[in-house]
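Top to bottom, those sequences are chains A and B.
The opening position of the first sequence corresponds to residue 250 in this note's numbering, with each subsequent residue numbered one higher.
The opening position of the second sequence corresponds to residue 103 in this note's numbering, with each subsequent residue numbered one higher.
Hint data in this document are derived by calculation from the structure and do not stem from the laboratory.
Accuracy of the hints is not assured; some may be wrong.
[Said to hold, decoys possible] Restraint ranges, calculated between C-beta atoms of paired labels, are given here:
# : chain 1 : residue 1 : chain 2 : residue 2 : range
1 : B       : Asn-404   : A       : Leu-339   : 56 to 64 Å
2 : B       : Leu-149   : A       : Gly-310   : 19 to 27 Å
3 : B       : Phe-399   : A       : Leu-339   : 45 to 53 Å
4 : A       : Ala-358   : B       : Thr-576   : 41 to 49 Å
In this text, a Cβ means the ideal position worked out from N, Cα and C, and glycines have one as well.
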Amino acid sequence: MSDFALLRFRDDEPHDEPAVTLDAFIGQSNATAVRLESSDDARALLPQIAQLALIEVSFPGYRDGRGYSSARILREAGYTGELRAAGDVLVDQIPLMRRCGFDSFAPEAPIDIDVLRASLERYDTPYQKAADGAVPVWKLRHG
Amino acid sequence: MYKYDTYDQAIVDSRVDEFRDQVRRRLSGELTEDQFKPLRLMNGLYLQLHAYMLRVAIPYGTLDGRQMRMLGHIARKYDRGYGHFTTRQNLQFNWIKLDETPDILAELATVEMHAIQTSGNCIRNISSDQFAGAAADEVADPRPWAELIRQWSTFHPEFTYLPRKFKICVIAADEDRAAMRLHDIGIQLLVRDGELGAKIFVGGGMGRTPMISHEIKDFVTADDLMSYLEACLRVYNRYGRRDNIYKARIKILLHEIGADEYRRQVEEEFAAVKGLGLDPPRAELERITAFFGTPDFDTTPNAEIDRSDPDFAVWLDQNVKPHKQDGYAIVTISLKPVGGIPGDASADQIDLMADLAERYSFDELRVSHAQNIVLPHVRTRDLHDLWTALAAAGLAEANLDLISDIIACPGLDYCSLANARSIPLAQKIATRFGDLGRQRELGELKLKISGCINACGHHHAGHIGILGVDKKGTENYQLSLGGSGAEDVSLAKITGPGFSEDGVVDAIERVTDRYLEVREGGERFLDTYRRVGFETFKEAIYNPVLETNGGTK
């Protein structure tokens, strides 16, 4: 993955330790970056979540939506480190991924930044609560 | 009826803007067809055999005259002057140009309509009982719950790339008029200890592997509903199969791991999410419920209905159902004229139905999953005037739930997935049984035709079901018997070798003849089938000569 393609929505410096596989992570107690395949159970990370600075979630094909659930599970468990979607990530998917808690993207094909910017600004308020802190419509309606 | 506030309107308007941009990028080549496909599907735009098809959402099948008239306008301006009402209570336009779809969506948005999530591997339009708010047997109007779920599921960030499409149905009566048990999630509202809540069924569906759903939870309150659905969907999103499109629906997951294990996983997920504040407050359900209040019914005494016109009397008996309010009735407008295309309506007919809804039914229309239109609240003294207006427009066919009230998919005339034509066969069957007296003698008989194994025509749920297949390059039709999508849900069983188009019409006639021979009392076809069993009918179908010679029975 070349660096030019990395999109980050965080202020801290990118983490530069290489990500290890879930299996390696479970057996290696000091790693700070891990890569989840789409079939991996994100909950397996929870006992050691505090030591992680980067979790990369793989999207082998854009139709494989398992990573959206992985991201929410990690954020719901309180993970605040970098959460990166990597692989077949399309520009029209990034707003949804942001809502699920991803804050970094390593798409395998270049993203048109103007299209992305417009698409991230398009919807003011979502209908449902998710992992991004956006206030849902029902909350605005009822306070 | 639900009315958009500024939030709802902003979301739909933004969607138009988004899709306009996506179409622009497709037309300029920035998006490949493969990349564009899931985006257009999420807006109900399919590429069919001859053109694009646009599927417009009609949430829980409810719309008003203004919205109905907009559908007529779009049919005239952008299509060929007609639209097709679908088994998911939506409307499809079959001759749409890609570059015009953003304008169509913009026009729809002016009347609080859209095409969001009418296809794609996401949560589809929520379906419901077409008699909601009018039926005497409901414990509550199911539509506020359906609207709550509509909002929750719209652009749900986690569940937009599911393994496969996902259909949710909400009903609130024991009589199931919406095929609830054949949905991915079926919800039946019920009252327990004075409180309204939801019984949750999961894992039903038709398609190539039909299954009836399992009861997963006996009671979920409004406070927990979104969290519970979130848990149901999350288990599916994580563990539903993605290796084989034909095994990707949630029914297969339940079949493979078992309903008990699925329930256990859902409960575990529910425990994890229910403290996260995902559920809207009660005030939101109350806000939505207020839109579905009781119409301002006229309770002054009504004159007796004059039944002296025999055609009117037949229509009354067949298409008009009792209403919860004295002096009112529920009218079904059949979109199944003999020889017509099931579910089709011309722009002029659409406009007329809009006018009649405004004049006679508190400005409300419904679409039923059987592809008919319902006027839910008609004063009984207006029935004759209504019927007269419908008859003048070819909309007074008195065949609700009779053999010619056929559900049929678009089939090979339109659909790129189909193996066989459905519409011409439906027309032949309706014509063969065209005599209304004969149809009424046969009584309730739900006949459903699918032009391929994907079962869009609900053939598994037909009292008589027909599946079109391709047999060495020719269209062949398999006959099945004994299905039901109602509260007595069951899956139809294939009779045996298939037939040609004319052959299957003959075979159906042998089935109905046998039914008339063996039925007892007021039995419906389905009751007789269940009592006497499959073999009696199979014998009638495949050994008709033996029968006429005296046979063995």
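Next item on the list: For the range 41 to 49 Å, tell me whether the beta carbons of Ala-358 of chain A and Thr-576 of chain B fit it or not.
Entry: holds (45 Å)
Item checked: C-beta pair Asn-404 of chain B, Leu-339 of chain A: status relative to the range 56 to 64 Å that was hinted -> With Cβ atoms ~60 Å apart, the hint holds.
Check: Does the Cβ distance between Phe-399 of chain B and Leu-339 of chain A fall inside 45 to 53 Å?
Finding: holds (52 Å)
Next item on the list: Hint says 19 to 27 Å; check whether the CB-CB distance for Leu-149 of chain B and Gly-310 of chain A agrees.
Entry: This hint holds: roughly 20 Å between Cβ atoms.
The structure fails none of the hints (numbered hints given earlier).
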